Amino acid sequence: MSVAVGLQGVTKHFGDVVAVDNLDLDIHDGEFFSLLGPSGCGKTTTLRMVAGLELPTAGSVQIHGEEMGIRPPNKRPVNTVFQSYALFPHMDVARNVGFGLEMRKVDKAERENLVAWAINLVEMGGMAHRKPGQLSGGQQQRVALARALVNRPEVLLLDEPLGALDLKLRQQMQHELKELQREVGITFVYVTHDQEEAVTMSDRIGVMHDGRLLQVDTPETIYEHPTTRFVADFIGQTNFLEATVTAADEVVLANGDRLRLSTEHSGGTPVAVTVRPERLTVHGRGEAPGGTHRLDGVVDSVIYMGNAINYSISVDWMHLDVRCPATLAGDRKYVGDEVTVSFDPDHASVVIG
Amino acid sequence: MGKGVALSTAEPMGATRWLLRGHSALVYAFFYAPIVVLAFYSFNESQLVGRWSGFSLRWYEAFLQNDNIQSSLWVSVKICAASTVISVVLGTLAALSIERFRWWGQKVFDAVLYLPIIIPDVTMAVMMLVFFGETAELFNVIPGVDLTDGLEKLVLSHVAFNISFVSVVVRARLANLDEAMEEAAADLYASRWQAFRRVTLPQIMPGVLGGALLAVTLSLDDVVVSSFVSAVGATPVSVYVFGMLRKGVSPLINAVSVVILAASMTLVMASLVLERATSSRKR
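So the protein lines, in turn, are chains A and B.
So in my numbering, spot 210 of the first sequence is number 210, and the numbers just go up one at a time.
Counting from 1 along the second sequence, just add 353 to a position and that's the residue number in my numbering.
No lab work stands behind these hints, which were simulated from the structure alone.
Keep in mind that this is a model prediction, so the values were computed, not measured.
Glycine included, each C-beta is placed from N, C-alpha and C at the ideal position.
Keep in mind that a hint or two might mislead.
For each label pair, taking beta carbons as the anchor points, the in silico distance ranges come out as [stated by the list, open to error]:
| no. | chain 1 | residue 1 | chain 2 | residue 2 | range |
| --- | --- | --- | --- | --- | --- |
| 1 | B | 381 | A | 105 | 35 to 45 Å |
| 2 | B | 381 | A | 71 | 32 to 42 Å |
| 3 | B | 463 | A | 184 | 45 to 55 Å |
| 4 | B | 470 | A | 59 | 56 to 66 Å |
Straight-line C-alpha distance at most 25 Å; calculated SDA-like pairs for lysine to any residue [what the hints assert, rightly or not]:
| no. | chain 1 | residue 1 | chain 2 | residue 2 |
| --- | --- | --- | --- | --- |
| 5 | A | 105 | B | 546 |
| 6 | A | 131 | B | 531 |
| 7 | A | 168 | A | 110 |
| 8 | B | 460 | A | 14 |
A few chain B residues that don't get close to chain A, going by computed Cβ distances all over 12 Å [said to hold, decoys possible]:
| no. | residue |
| --- | --- |
| 9 | 416 |
| 10 | 443 |
| 11 | 459 |
| 12 | 504 |
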């Protein structure tokens with residue numbers, strides 16, 4: 001798979017602030033890649049450096065193997081969908097969408113064809129002569145998308161494009177964006193702080209924190225096997241069991257239990273074992289099946305969620321959150337019940353940090 | 354007008370309503386009564402401004418026969434046009450540089466730019482007088498420039514105070530403009546100039562035009578700075594009229610004022626008509 005966007009040692013300082021710190025990343029051709037992280041983690045700055053709207057303090061940005069150097073944004077083969085959409089209020093939809101083609105001096109007949117194609121692509125046919133001020137947020141979003149896609153960029157950069165939309169519309173647009181990406185086959189680089197958005201849409205996710213790229217993997221791997229405490233915590237709910245590495249494939253929990261889990265951290269390193277609430281199961285005391293890791297505890301609280309039941313269970317040194325699907329809730333537990341919590345070590349990961 | 358809705362909810366009733374109406378009427382009266390009086394007495398036959406003795410166009414005739422007034426009007430128009438164009442261009446550039454870029458010494462430049470708005474006209478006038486006194490010879494070295502004839506000096510000094518006003522007005526407009534708009538233009542292959550011309554300028558245009566209008570007014574209006582700087586042969590009409598006043602008020606001044614008023618109203622009307630025509634063409 002060829003590399004659409006290659007970042008090597010990319011660093012950006014704003015005065016004394018290190019916004020992006022020595023970032024290495026290859027984004028593959030045709031993939032939907034998300035940069036995910038809390039606000040201020042450097043994800044937008046990274047995107048802007050690909051677009052040419054910021055220049056890196058150090059490092060190299062390549063697009064399809066071509067070094068971008070200090071090339072200005074108007075000379076780069078990428079287009080951006082801005083968070084604020086940044087539609088030109090004095091031009092109608094068609095003029096907005098055609099702006100890039102006009103600047104590149106595409107002749108009028110072809111321009112009109114392409115503009116019509118792009119407007120239909122985002123299902124805005126019939127709105128071509130509206131001004132942005134006459135459109136709803138969702139419609140503006142579509143126009144911003146069409147305005148970028150009409151240029152058939154090598155890479156499309158999207159900076160939290162759904163951030164300003166309400167939940168329902170956002171979910172619908174997530175689906176549509178994914179469809180659209182498949183249809184046009186253009187590499188999408190998507191910046192978001194919404195983990196659900198990243199997980200549902202992306203082929204791969206890069207999680208950023210404090211200017212660093214912590215983990216790059218498929219959504220599944222990121223969710224099931226995070227490598228750092230931050231990633232495990234940022235993506236969904238989880239339990240952390242404090243532990244120490246004893247050997248290459250063994251950690252010891254705070255209560256002295258030994259767990260066979262592979263880790264590349266050396267002996268003595270303080271780590272945590274993370275298990276998702278839905279990967280834990282609750283049994284009557286002593287009834288847990290073999291081949292699993294077992295912890296005895298007492299039910300602290302029960303929250304009925306409709307499609308699931310959430311238990312908080314206190315084991316002797318901590319609390320565990322357990323999520324039990326409603327279909328398996330026949331054997332309900334109540335506050336004060338003495339139980340055994342079990343999990344398959346395959347569903348646990350060792351994280352650091 | 355949505356009579357039922359608007360009246361029932363928004364407009365005050367009874368005595369309050371009449372009080373407010375009276376207030377508005379008084380405000381308009383204070384604004385426009387002097388103008389009406391001025392225009393009225395410009396058609397007075399009498400020498401004396403305050404005493405009506407019959408309709409006459411003699412003061413307009415006098416105006417047409419008075420070469421001094423006409424040439425001073427012409428001087429004003431030239432100064433006004435030149436200083437407005439120059440200060441609109443420079444003021445807009447200054448606004449752009451402060452709002453859109455970060456550079457060394459910017460804060461100082463920003464503060465200095467506001468000075469002409471704050472400092473009294475007389476100070477500005479004395480400054481200009483001294484400045485030109487000291488540097489006129491230096492300017493005259495530049496081919497084609499001759500500050501001794503006065504017109505250039507007037508233009509330069511009007512530019513000096515107009516830049517500030519233009520840049521303040523344009524800056525207010527720029528500050529409200531999403532910077533991402535210019536980035537989007539650049540992202541869509543526009544060069545810096547194209548981005549300015551196609552995206553930024555159309556959106557700050559109301560500010561630029563507002564600044565220009567302000568510059569025109571300030572330039573035509575200015576007496577203090579102009580009277581310090583003007584030389585024989587290049588007297589703007591404001592200074593000339595002010596000089597006439599010292600010899601006593603004559604209805605000729607009224608006539609001149611009405612002509613200026615009519616001209617500026619025509620200008621404003623023309624710009625409104627023009628704007629409506631272009632905006633309706635764009636739909």
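The hints, checked one at a time:
1. Hint check: residue 381/B to residue 105/A, Cβ distance near 54 Å, so the stated range 35 to 45 Å is violated.
2. The given range of 32 to 42 Å is broken by residue 381/B and residue 71/A, whose C-beta atoms sit roughly 60 Å from each other.
3. Separation of residue 463/B from residue 184/A is about 46 Å and conforms to the stated range, judged on CB atoms against 45 to 55 Å.
4. Take residue 470/B and residue 59/A: their Cβ atoms lie about 46 Å apart, and the range 56 to 66 Å is violated.
5. As the CA atoms of residue 105/A and residue 546/B are separated by approximately 16 Å, the hinted pair is consistent with the 25 Å bound.
6. In summary, the hint linking residue 131/A to residue 531/B is supported, as the alpha carbons are separated by about 17 Å, within the 25 Å threshold.
7. For the hint linking residue 168/A to residue 110/A, the alpha-carbon distance of about 36 Å lies beyond 25 Å, and the restraint is violated.
8. Restraint check for residue 460/B and residue 14/A: the C-alpha separation of about 19 Å stays at or below 25 Å, so the hint holds.
9. Every CB of chain A is more than 12 Å from the CB of residue 416/B (nearest about 44 Å), matching its label as outside the interface.
10. Every Cβ of chain A is farther than 12 Å from the Cβ of residue 443/B; the closest lies at roughly 25 Å, confirming the non-interface assignment.
11. Distance to chain A confirms residue 459/B as a non-interface residue, since its nearest Cβ pair spans about 15 Å, more than 12 Å.
12. Even its closest Cβ contact with chain A, about 38 Å, leaves residue 504/B beyond 12 Å, as expected for a residue assigned away from the interface.
Of the hints listed earlier, those the structure fails to meet are numbers 1, 2, 4, 7, in rising order.
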